[in-house]
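> Chains as they are written, first to last, in the numbering used here: chain A, 223 to 625; chain B, -7 to 319.
Careful: at least some of the hints might be erroneous.
In the EDC-like style, the derived pairs of lysine to aspartate or glutamate whose C-alpha atoms are separated by at most 16 Å in a straight line are [unchecked claim]:
| id | chain 1 | residue 1 | chain 2 | residue 2 |
| --- | --- | --- | --- | --- |
| 1 | B | K245 | A | E353 |
| 2 | B | K245 | A | D351 |
| 3 | B | K245 | B | E214 |
| 4 | B | K245 | B | D196 |
| 5 | A | K613 | A | E428 |
| 6 | A | K613 | A | D498 |
Read the hints as simulated data drawn from the structure, not as lab findings.
All values reported here derive from a predicted model rather than from experimental measurement.
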Amino acid sequence: MPSSEAGPVHFCMPQLGESVTEGQVVRWLKQRGEAVGRYEPLVEVTSDKVSAEVPSPVAGVLAEILADAGCVRPVGAPLCVIHPPSTPAAPCAPGPRYSPAVRHLAQLHGIDPAAVPGTGRGGRVTRRDVEQALALRAASPPPLPAAPPAVDPVRETLPPAGDPAGAAAARGSTDKSAPLSPVRRLIAQRTLISKHTAPHAWTLVEVDLTGLVRARERVKAAFLEREGVPLTYLPFVIHAVARTLREIPMMNATLVDEHIILRGAVHVGVAVGLEDGVVVPVIRDADALTVRGLARALHERVDLARRGLLSHRDVADGTFTVNNSGAFGSIASFPILHGAQAAMLTLEAIVPRPVVVGEGIAIRSMVNLCLSFDHRVLDGTHVGRFLQRVKGRLEALAEPLDL
Amino acid sequence: MPVKTYLASIHDGLEEAMAQDPTIVLLGEDIGPRGGVFGATAGLFARFGPDRVIDTPLAEGAIVGVAIGMAMNGFRPVVEIQFVDFILPAVDQIVSEAAKIRYRSNNDFHCPIVIRAPYGGGVHGALYHSQSLEAMFAHVPGLKVVVPSDPHDAKGLLHTAIADEDPVLFFEHKAAYRRLKGEVPDGPYEVPIGQAEVKRPGRDVTVVAYGLVLQHALAAAEELAGRGIDCEVIDLRSVLPLDVATVVASVRKTGRLLIAHEDHRILGVGSEVAAAVAEEALFDLDAPIRRLGAPFAPAMPYNPAQEQVFLLDAAHIAREVEALAQF
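Construct all of the structure, not just a fragment, from the sequences and the given hints.
Written as structure tokens, this is what we have:
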């Protein structure tokens, strides 16, 4: 059994989730020179909107901090040095590692192995995964020259670094500057990619929610008392959306490498606004939940999101996203598609308005549902049919509510 | 095609070769009227007489020394060492004389001898009747080391070994003698030395073995096929010269390699195969190379349960391959 000599351990930026490539040091929980126990929380890092306290892999003394709070480091980059008293040195935990075969193939064909879904142990990218990705690419060569993957889309839009004159000119004396937080950076990256890759089209339908509004008024107090969570309008909308997605799978799709993938599961993401940024926790298999179940799931996700406790799984695998833009009084919004999904719907503010009903004019509780969609995947016919069904479902809601 | 045991195919190979070539002489302990402890030379004394089937004293150094002398004087001696464990007194003759004569004499002399020896465990042979020593001899330039895995190859390789102009060590797994049966063509034929064979093509994991363990590897491959893992099984057939090219070609396809042998894992044939593949096919490797072999412990235990732990079987190999396939 080979034994390693006790020596300094380089503690590295952990991989906080699949396809996460960097993280930011939030704060050090131990200071330089301080003793740290094995598995004792050492540093808080954040990445992909989720933060985590990372424990020390060894017992020892925190000898050197290589990345101060606020620093962004790639996964696998050393963050600090720990001198173990007499324990053997643990190997530096690296980031995603690829076998020689994977690296070679990836280099040969100019493919980014990080972009290949891994099927090996622990999600490792295997040689066959790369071969399959290549076969897929070969089977459907891109009509447009592929964008070089190494370019950081966010950086592209920023003024070049090393141009202090330009940067200073853009900044007045009373202005304040703050580096992009990881969350803002991620949002910047994702929205930019989404806007660049998916031709967004937009549509809006009016829905008469008078029946639902009346019915909800009667039951909401009892519901809160019984269930411990408020009965908002959003669960009804998710309920209608999830069931309609089942009926029109094209709406529950994503475009990957010239293939439209109809997602087998209906996992509905819900945008939750935070102090700095927005996060989209996912209600998995939303089509299998009742309104009551959705209300509970929603409450739980929003609560976790606000407390910063969402795990990667909580925000992964969404197939369609709903945003309650109406919470701020908006009556129309144009959402940017999320996570390569083909469509995203917003629920706007419910407002009493005079509308024509039959031969007369009545005050009805009206709401707009807005929908952005990826025109590469969907056309007006899919979207029209989808919105008509959602509208029909919501307008049919009346006492007694099926919760 | 007739079905024969591993032992019968070796017996037939000896008989066919001797009938063809009068310079072939057998030497060994109890190989005459007794026919050898395992019966590999049964009936040959009666057919070819005491000048060609020579019972020797229990002195392996002398047996091999005499054979070397005969080989240098126009004979083709085939020596039987009763158990490979007993070959050690003859190592000086094999390593310092037989292996080096061609070099030392500047090609004036050469040494066409074959040394047959049963090796391997699983027969409750304990310390003195269970060893595998191929790696030791595979480290000696000037020798050839052959370990057939089935009756067909056993006879073909024996013919090739006897025809070879240089010393060949021919190791026969004693547990295979009567247990392994297979189709063996009548009459002499040759299986090349230094050429591995893909015994079972596959695409997921390359399993390299030789001797009896090759049979375990094939059984493991069958079992794994039912679980969707497609093994390519390569029989080295000779461990010296080692056919690296066949193994590398397979690893280029599968990216994953397991080498299994009954000999100790540490510094075994598998170590050389692993190193050669790492040198030649690094950029095709998709998983760490794995080796299976006996623990680095002094001897095969006599206790049957412990003996089983010491030995490899199909389940061992299947477990290891499965882990590799899932890596």
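> State the violated hints by number, sorted upward, taking the hints as numbered earlier in the document.
Checked against the structure, the hints that fail are numbers 3 and 6, while the rest are satisfied.
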